[in-house]
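Just so you know, the protein sequences line up as chains A, B and C, in that order. Each residue of the first sequence is one higher than the one before, counting from 1 in full-length UniProt numbering. Each residue of the second sequence is one higher than the one before, counting from 1 in full-length UniProt numbering. Each residue of the third sequence is one higher than the one before, counting from 1 in full-length UniProt numbering.
In short, the hints are calculated from the structure, not lab data. It is possible that part of the hints are untrue.
In this list, chains with the same sequence are indistinguishable; a pair is considered to hold if it fits within one copy or across any two.
Pairs of lysine-lysine, DSS-like flavour, derived with a Cα cap of 27 Å [to be verified]:
(1) K346 x K432
(2) K55 x K385
(3) K57 x K349
(4) K289 x K161
(5) K346 x K133
(6) K385 x K432
(7) K55 x K432
(8) K385 x K57
(9) K289 x K57
(10) K133 x K385
(11) K349 x K133
(12) K289 x K58
Small disclaimer: the values here were computed from a predicted structure and weren't measured.
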Amino acid sequence: MGNFCDIMRNFFCGTKNTNVRISLPAVCFVWQIAMIVLFGVFIRYDEEADTHWVKHKKDHNITSDIENDFYFRYPSFQDVHVMIFVGFGFLMTFLKRYSFGAVGFNFLIAAFGLQWALLMQGWFHSLDPATGKIYIGVESLINADFCCAGSLIAYGAILGKVSPVQLLVVTLFGVTLFAVEEYIILSLLHCRDAGGSMVIHAFGGYYGLAISWVLYRPNLHQSKRLNGSVYHSDVFAMIGTLFLWMFWPSFNSAITDHGDGQHRAAINTYLALASSVLTTVAISSMSQKTGKLDMVHIQNATLAGGVAMGTAAEFMITPYGSLIVGFCCGIISTFGYLFITPFLEKYLKLQDTCGIHNLHALPGMLGGFIGAIVAAAATEEVYGKEGLINTFDFEGDFANRSVLTQGGFQAAGCCVAIAFGIVGGAAVGEFKNSEHVCHVLQVPEDEEAIPPVLEYNNHMIHKHQEISESNFSVEQS
Amino acid sequence: MGNFCDIMRNFFCGTKNTNVRISLPAVCFVWQIAMIVLFGVFIRYDEEADTHWVKHKKDHNITSDIENDFYFRYPSFQDVHVMIFVGFGFLMTFLKRYSFGAVGFNFLIAAFGLQWALLMQGWFHSLDPATGKIYIGVESLINADFCCAGSLIAYGAILGKVSPVQLLVVTLFGVTLFAVEEYIILSLLHCRDAGGSMVIHAFGGYYGLAISWVLYRPNLHQSKRLNGSVYHSDVFAMIGTLFLWMFWPSFNSAITDHGDGQHRAAINTYLALASSVLTTVAISSMSQKTGKLDMVHIQNATLAGGVAMGTAAEFMITPYGSLIVGFCCGIISTFGYLFITPFLEKYLKLQDTCGIHNLHALPGMLGGFIGAIVAAAATEEVYGKEGLINTFDFEGDFANRSVLTQGGFQAAGCCVAIAFGIVGGAAVGEFKNSEHVCHVLQVPEDEEAIPPVLEYNNHMIHKHQEISESNFSVEQS
Amino acid sequence: MGNFCDIMRNFFCGTKNTNVRISLPAVCFVWQIAMIVLFGVFIRYDEEADTHWVKHKKDHNITSDIENDFYFRYPSFQDVHVMIFVGFGFLMTFLKRYSFGAVGFNFLIAAFGLQWALLMQGWFHSLDPATGKIYIGVESLINADFCCAGSLIAYGAILGKVSPVQLLVVTLFGVTLFAVEEYIILSLLHCRDAGGSMVIHAFGGYYGLAISWVLYRPNLHQSKRLNGSVYHSDVFAMIGTLFLWMFWPSFNSAITDHGDGQHRAAINTYLALASSVLTTVAISSMSQKTGKLDMVHIQNATLAGGVAMGTAAEFMITPYGSLIVGFCCGIISTFGYLFITPFLEKYLKLQDTCGIHNLHALPGMLGGFIGAIVAAAATEEVYGKEGLINTFDFEGDFANRSVLTQGGFQAAGCCVAIAFGIVGGAAVGEFKNSEHVCHVLQVPEDEEAIPPVLEYNNHMIHKHQEISESNFSVEQS
């Protein structure tokens with residue numbers, strides 16, 4: 001067994017890059033152990049996931065197991081889950097040097113963030129004061145996935161610029177800020193935001209942009225040739241785009257009201273997305289001398305309609321209203337990629353690797369205000385008396401709120417989300433720039449120090465790099 | 001801001017390829033605006049997606065939100081959605097020069113077509129004469145996706161031969177013809193065709209073949225080396241194949257009757273597909289000197305069982321009957337790829353890029369006739385009295401129809417679908433060959449004029465092409 | 001038509017590699033015909049998929065179609081189906097020479113196995129003694145997919161080492177053994193194993209390892225350079241990983257009890273998987289000198305938590321208990337890839353291509369024992385009186401079984417699964433080594449005789465190979 005000793009020595013006594021070898025595992029272990037302890041103290045199954053469901057059914061005269069919330073929400077949950085892990089992950093594979101990093105770190109961030117999200121959202125939204133416990137069910141899982149989405153969006157702005165440990169820090173603060181702003185917007189302001197235009201997209205977008213702005217690296221543009229996409233990395237990215245596009249109706253309808261709420265949200269989102277595709281193609285084709293389409297637009301701007309419907313999808317925005325929203329957002333988002341992103345990079349020194357400003361921040365903000373307008377324009381004639389109460393939850397403390405007031409609060413909620421994103425992101429970015437352990441976590445300054453990209457075992461990579469100096473295109477394979 | 005002026009000038013004053021730059025955006029914008037207007041006039045939510053659902057529930061004594069049609073059909077809808085966008089899109093990525101074109105234009109066509117489909121199908125099937133409105137719900141979305149499937153199948157025959165604008169024209173007429181033939185077959189002839197063997201596959205297949213036949217380009221075979229597949233474009237195509245194969249049970253069961261109808265359709269399709277795989281592998285291996293398998297067969301013919309079960313899946317075809325259908329169709333479809341496609345190209349001058357004749361047209365036609373036979377063979381003994389009425393909708397005007405008559409009408413329906421496909425396709429093809437604006441939309445005659453393939457931003461493509469002249473295989477990467 | 005004659009002569013008179021050309025089609029045809037006959041004799045729709053459902057509803061006072069088992073299980077079934085075909089298939093695409101083989105043969109095996117599984121499981125579990133028929137519904141389809149999973153896991157150990165016909169033999173015996181051990185474990189020992197830690201993963205893992213051990217090929221290590229992965233084959237493998245990871249909650253909850261059972265199993269699996277990701281990343285980063293992550297670990301060990309929760313997911317293991325299971329299994333599985341796989345290959349002459357020992361065999365065995373412990377620790381206080389009976393099915397003959405006894409039987413069940421795997425696998429391996437038709441089915445001894453890899457039509461492959469001798473990396477494209 002002398003073989004083992006050698007392996008173990010190798011394993012624990014490596015000297016190069018010790019920082020990453022220590023910091024990343026340390027953070028993961030400490031964090032995971034903390035999660036186990038906190039889950040032990042706080043988290044329990046809710047009554048629909050507990051073995052007492054049999055009794056609960058009898059007590060509440062529930063005639064069938066199908067009434068369990070699981071059957072209302074689980075199919076949508078799985079679609080959302082696919083969006084988070086495959087959709088967001090593969091959407092970012094378009095960088096030829098960073099396909100693994102995109103998918104792999106997306107995976108790590110989401111798995112890390114969703115545990116913290118269950119706790120944070122639990123403390124703010126569903127802590128039972130009597131027992132001091134958080135009771136979770138399938139809706140909590142969807143909310144945790146949503147919460148991670150905020151941080152994954154932010155990741156899109158800083159892709160390739162930060163180390164894995166920094167990513168985890170960004171996620172940790174991102175989830176925390178998310179839970180706070182969500183509490184303010186949904187509970188204190190009593191806004192409706194089922195698909196998270198404000199809470200997820202506007203917040204996540206501006207959070208990422210603010211971090212990226214603070215972490216500006218002037219020499220990054222020199223490495224642009226390493227940032228490019230290649231033919232098949234773009235086909236991989238289309239996998240991400242399509243799964244996001246197809247499942248967005250589930251995203252926006254996953255936690256809306258049972259029955260008509262989920263039904264209507266799915267229809268509206270479906271229509272807005274279809275409309276976005278056409279205007280994106282139109283603007284993209286117009287913008288190129290040859291009339292060809294730009295894959296970046298097709299991959300991203302086609303999704304803008306779904307982002308912008310996040311708030312209004314559950315309202316009676318009407319089918320043609322949904323088409324109009326998609327129509328406008330497809331145009332705005334594509335123009336964003338054509339003009340705003342280069343402008344931000346040139347004049348504001350703001351690098352936005354994946355263009356999240358155009359896909360999430362801007363359409364999210366628009367979605368928030370669209371929601372406010374649609375809410376303010378609601379009438380009892382269109383919604384019906386019960387429908388109005390049901391849709392806007394005008395119950396309890398909010399029973400006497402008018403739709404106009406609701407519209408005002410929706411707009412206020414959108415501003416809160418943006419403010420949280422910008423201030424929070426700037427703070428997190430500053431904290432990182434100045435942190436004590438800067439030699440560990442500092443932004444890498446040169447190519448050599450590029451953060452540990454996910455790589456293979458077999459070290460074939462070195463052969464690639466050798467070849468790639470003489471023959472550019474081989475590297476892509 | 002002088003920078004902006006330059007950009008804007010560049011943007012609007014390009015001179016090369018102005019036609020495509022103008023025609024594609026113009027069509028997209030005009031179309032999308034027309035859709036918004038028509039949706040505004042005609043389309044409303046149905047009672048299950050409207051806020052009046054709360055009231056509707058009370059009025060109809062519905063005890064639970066789970067009775068909303070959304071919960072019966074939404075999981076199947078999402079599966080169908082994946083088939084349309086990822087399944088059809090990636091199945092066509094096998095061409096190494098056309099992976100983007102396949103996925104991207106598939107995306108455009110489907111997003112374009114589904115809006116028109118909602119209107120056309122609405123006018124024919126669900127226009128409320130009292131209000132003049134069309135009421136849509138989740139079943140309408142599934143039907144719109146189905147309707148697009150017809151045009152996407154046709155796209156498979158003309159892949160790489162037509163410009164995007166022509167594709168949109170093909171889709172526009174395809175959806176229109178689809179709605180008419182569907183109305184004749186399902187409403188006037190009162191056929192059953194839940195999975196659309198006749199309505200979708202036979203129609204779509206022959207529609208595409210007729211267009212391709214009229215648009216024959218003699219010099220296309222010279223560009224065959226550009227048409228080939230490469231290793232990883234074939235792996236991408238397997239993504240399409242597998243998602244189609246896995247979700248076909250959802251496709252055939254998505255709009256069948258609640259309860260046993262959906263259940264039985266899923267089981268039958270699952271079995272037919274499994275059986276197809278084995279016979280496809282058998283014939284494919286026999287056909288190669290080395291016994292190796294041909295990826296084209298595995299990618300396509302394995303799906304023939306699902307196509308052929310489109311009509312009969314909801315009937316009591318019995319599990320072994322499903323296996324027999326899959327058995328035969330796997331063989332027939334593979335033989336089609338081996339003998340019929342080369343024969344059609346050589347003697348009938350009919351180019352069928354993706355082999356849709358073997359995957360859709362032929363199995364679809366067979367599926368229609370299998371459905372007719374199974375319907376004619378139905379007995380009260382097997383179905384039960386209520387089951388027979390329920391399965392074939394022998395109600396109202398059709399209460400006295402016998403199963404034999406039903407079988408006859410099913411066969412007639414299949415002929416109608418084929419006739420619509422061939423005549424409609426030939427007409428659309430002729431229209432294009434002779435259309436006034438021929439210099440814009442004409443079939444490109446040489447490599448340079450190849451229709452705007454989706455391409456990247458970063459112009460790396462030029463480097464590729466340079467290299468590819470000296471080193472064949474690099475081009476594929 | 002002289003052309004046809006030539007084609008037909010070519011088709012039936014090829015002389016090279018006749019064995020594969022004959023044996024594979026022969027097996028497929030004979031098998032599929034046998035299936036049709038056996039299905040005709042034995043298999044019928046169950047009362048929920050039969051047209052008599054209308055009557056059944058009335059007779060049993062079922063008020064709504066939504067009570068049909070289809071709506072409880074179909075979304076989970078589709079997720080499981082994706083795991084079997086895309087998940088397992090793409091997880092094995094990491095070998096650059098074998099991407100097609102992995103996806104294509106996975107497809108063949110599963111389609112072949114699921115038909116036999118429906119029969120075998122039907123005979124053992126649901127044969128109606130009165131009619132001699134097996135009645136199938138959506139739960140049968142899920143079970144058939146599960147049953148194939150066992151053989152697909154085994155395929156992971158022998159990937160690239162056996163011919164397609166041998167694979168079918170392995171699957172045939174695998175499914176048969178599976179049905180027997182499942183009958184012993186679930187029916188005779190009355191264990192609970194909804195997600196199949198024991199029945200699927202421990203059995204499948206040891207079955208594959210035993211076959212691989214018997215079929216040891218000393219010269220295989222020389223072809224290691226052909227076994228390696230390349231950048232984008234690893235991205236393809238991530239598609240498999242992510243779909244397995246995302247849908248594992250559906251896998252473990254697909255056939256658990258309606259209501260709380262499915263709900264709780266999904267939550268527990270979700271948490272265990274998230275926890276696995278963090279510890280896998282930690283160990284993987286620690287193990288590399290540069291702190292980089294090893295894709296093999298990310299692709300595989302992140303899934304260990306799901307495997308290990310297969311038995312306990314439906315119990316009241318508590319959320320933090322699930323995190324602990326994931327925590328430990330992520331560590332153990334990653335250590336397995338680092339130390340156990342090389343150890344097995346070096347000292348036990350056991351080649352394990354995909355490392356199934358670390359992903360399936362070991363975590364599956366652990367999962368079985370974890371299930372035993374959790375079952376033994378169950379109390380009426382935690383579960384409730386009805387909940388306890390409901391969860392462990394303490395009814396009929398087993399009404400008086402205590403939780404301690406149940407725990408003991410669970411542990412016994414796990415041992416049975418392992419024993420079946422090892423003994424069965426060794427027997428199948430020996431049978432193959434010694435079989436009469438050895439010159440047909442023998443393990444190929446050299447590169448030339450590599451089993452028929454799925455290949456393309458257009459013979460471009462030869463150009464590749466030529467080039468690949470001078471330029472290593474081009475081959476990967």
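Item to check | Non-conforming hints, listed in increasing numerical order | outcome: 3, 5, 6, 7, 9, 11, 12
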